[in-house]
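Build the full structure now, drawing on both the sequences and the hints.
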Amino acid sequence: MKQDTLSMKWKNFIESRKPLIDDWKHTAYLWRKSKLTMIGSFVVLFFIIIAIFAPYIAPYDPIAQDLSQRLQPPSSKHLFGTDQFGRDIFSRVIYGSRIAIWIIILVSIISGGIGTLIGVFAGYFGGIVDEVLMRITDMFLAFPSLVLAMAFAAAMGPSLTNTIIAISLVYWTVYARLARAEALRIKNTEYIEAERAMGASNFRIIFLHVLPMCISPVLVQLTLRMGTIILTAAGLGFLGLGAQPPTPEWGAMVSDGRNYLVDQWWISTFPGIAIAIVVLGFNLLGDGIRDMLDPRLRR
Amino acid sequence: MIDGEVSELAVNNDVLVKINSLKKYFPVRSGIFLRAKKYVRAVDNVSFTIKKNETLALVGESGCGKTTIGRTILHLLEPTDGEVIFDNKNLTKISKDELKELRKGMQIVFQNPYTSLHPRKLVKDIVGEPLKIHTDFSSVEILRRVKETLENVGLREEHMYRYPHEFSGGQRQRIAVARAIILRPKFIVLDEPTSALDVSVQARILNLLNKLKEELSLTYLFITHDLAVVDYMADRVAVMYLGKVVEIGKKDDIFKRPAHPYTRVLEAAIPIPDPFFKKERILPKGEVPNPVNPPKGCRFHTRCDYAVDKCKELEPQLEKVDDEHYVACHRWKEI
Amino acid sequence: MEKLLSVRNLRTIFHTYRGVVKALNGVSFDVYKKDFLGVVGETGCGKSVTSLSIMRLIEDPGEIVDGSVVFEGRDLLKLSEEEMQKVRAKEISMIFQEPKMALNPVLKVGYQIAEAVSTAEDLPIKSKEVQEKVYEILKAVGLPDPESMVEKYPHELSGGMAQRIMIAMGLVTKPKLLIADEPTSALDVTIQAQILHLIKELVSEMGTSAMIITHNLGVVAEYCERVVIMYAGNVAEIGNVKTIFKEPLHPYTKGLIKAVPVIGTKGKLQTIRGIVPDLVNPPSGCRFHPRCDHALDICSKELPPIKEVEPGHFVACHLYD
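Residue numbers (the numbering used here), protein chains in the order written: chain A, 1 to 299; chain B, 1001 to 1335; chain C, 2001 to 2321.
To be clear, the hints were calculated from the coordinates, so they are not data collected in a lab.
Since the structure is predicted, the reported quantities are computational estimates derived from the model, not experimental observations.
A hint or two may mislead.
To be verified - Below, in silico cross-link-like pairs of lysine to any residue (SDA-like), each with a Cα-Cα straight-line distance of 25 Å or less:
(1) A/K9 <-> B/S1139
(2) B/K1147 <-> A/S7
(3) B/K1251 <-> C/G2267
(4) C/K2200 <-> C/M2101
Okay, here's the thing in structure tokens:
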């Protein structure tokens, strides 16, 4: 008897997830059809794997100096050569992926979270709440994002944490605008009106009905922006406002090699290539995801 | 007696909903500073009652204010002026908590079943939502009631675990109806419930609505532009034109003895699916004026074949034609 | 009666992720000269796809795979795109449900009508003749003050006026056939009556044939002379409107007519059980058989051919073999 209800429950569970599974199958089909999206996904996947297994892949300690090995060109011993302190650039690039991913995750969570919440509240309540929140957003949008991030980073002092906070404070505006537009649209749909006719509270409507509908466009935008986040972080690092030496941050590494660019090109070039490839990967993936979620292509 | 209860005394016990000089104006924003200068008078001084257990049909063309009235009665829109009395309580004068309590008794079914159901929720959650808001039933109890209600509207248990997009238009409208009746309300606003559906599906939904009305002793406000559907569903009919009720009466009075020229034009304009049906050939003239600047006097005078000077100056009030049959026209006796 | 257009065995499919949608499954019917034909059916029955296929306006992922559309002796499906363009410009006109979407929002309506005339007649757009034709047709479609009307942009028009402009554009070239796809579904009932009257009047004046696509049986009963009833990509029944309403033969037509409330209907409305089939996996044989109360064994096996049971009255049903 008990077995029966359990298997019933399991059956219901599977049954209830069937549309979701079909949806995923369809997504996978669209994914396979787009070569560029596949390339982007593999680049990003490769990047994530490298970040996870960095200690096993990197042959040297990324911050250990070995002055006897300074400024070595790429060779079988040092794949990407060494820098002015004799650190192995290959190992530093590998470990740099961990920093990059850490920045991406935190910035996405912080800016995505703040932006979505502010946008949803502004869009749902409208009127004065909307005016105040959106004018604040406009203020942030009035500055070029890198300049604003630089100002924050300079004011709070250069460090990895402050870089993350600075980038988050710049990027939440994008998600706020997006979530607001989405909330405005959803607020006026009939199923939300039906919800109000039932007597549901604003709190219930926002958190159970409006917010979940705003999340997927925000997620797409987050993926599309991940490349830019890496670029901004690298830019701050390059200017010395981001992660501090000896942290193997890609932007800072490019900056380190500036003085040696003519003779020891490898110091700046390899972290630069890493940045370019990963940004490209994220952009391809982001574009692909946006296309896959485009309702016109889905049917 | 406090203020809010004065009008209650006047309320007859047979009456479920009463609206008194209801007005709903929407500001039209214009100019650089977005100051509201003009108003769309969507509903302008409308009064009528809906008796217990009857279906009152509200008919008119788009922009006549019929949908706004439905929304205002349910207090989804705040009235600009006037009062709505539901079940002897004045909705404009009660607290938020009391309103929430009253919402159990009144529900709405929307026109488009493709937009009125949350696309990412399972049917069991959509239909069970009113119970979650108003009761503290256990999830088992909620499931049991959802199942029962779905069976009531002609759906099956296995439909509970599906998303709205897997259903046809008619089935979705059944889900919307199930959601509306699960709290056993007294009153349902049906806002063009079948105009997005195909004819063969429409018939089934109309039959379902009539069946539920019997079984659950419901009262309907049926908003539509289709007079043939009105004839099939309604007990009484109110005809609206540009924010005003121009004629109200029992179904037979409206169809057999229409007094207002607009009602006649409307009846003549509806194509009848019967090539042998002989009817008056009146071709309506002109177009519906902009509700921001409605014509002075009788609002229909610009399109009326019988308009005289008086109609351009003086606004007609509802006059009694017959028992329960009222018309707002200066010349109804002559024409 | 003389045939103007013969559609034979028309098959149109759409390639989608879920599979091939067999939207038209061998549609055959005729349009006569000076005909006023209604094509009626429910959502997804293929009535709009039929009109788009006749005009060869089916775009990827859609495809016309079989059949012929013979218009005055020429098979439109075999014409080159250029020749077809000429047919669309001069001989067959089409008007749509949403007039405002069919008009170019940044051009004055006068210019848009003049453009239609100049392409069809091969006259310079600024010429006097074109101007005169534009004024003439604007008066004919009941738009007062054509001089100021030609200066208007589409957003300045109401839905009814925009549809009048579309009719003007459709008829200014004096086509032989006018196809109207749900011309009044987006309009109010009083405006709908005006527009349908106008179409009927103009068409009979000009001797043009008209094909009105609609889901509204009322429109068919009141305005059309003949009707084609479609179900799930097939023609179910063709005939004179009065005959079809009085003595429908196909079980689907019978059900459809009884399902619509008419003023004065008493008792319960009759309904058709089941739902419209999915055209990716349509039922075998007659596509209506799972919903039909009179289905025979053969109905699930063979698609019934359309045959003439009495002069001018065609039905596709095994009950009348």
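To see whether the hints hold, each was checked on the structure:
no., hint, in the structure
1, A/K9 <-> B/S1139, "holds, 14 Å"
2, B/K1147 <-> A/S7, "holds, 20 Å"
3, B/K1251 <-> C/G2267, "holds, 15 Å"
4, C/K2200 <-> C/M2101, "holds, 23 Å"
Hint compliance for this structure: every hint is met.
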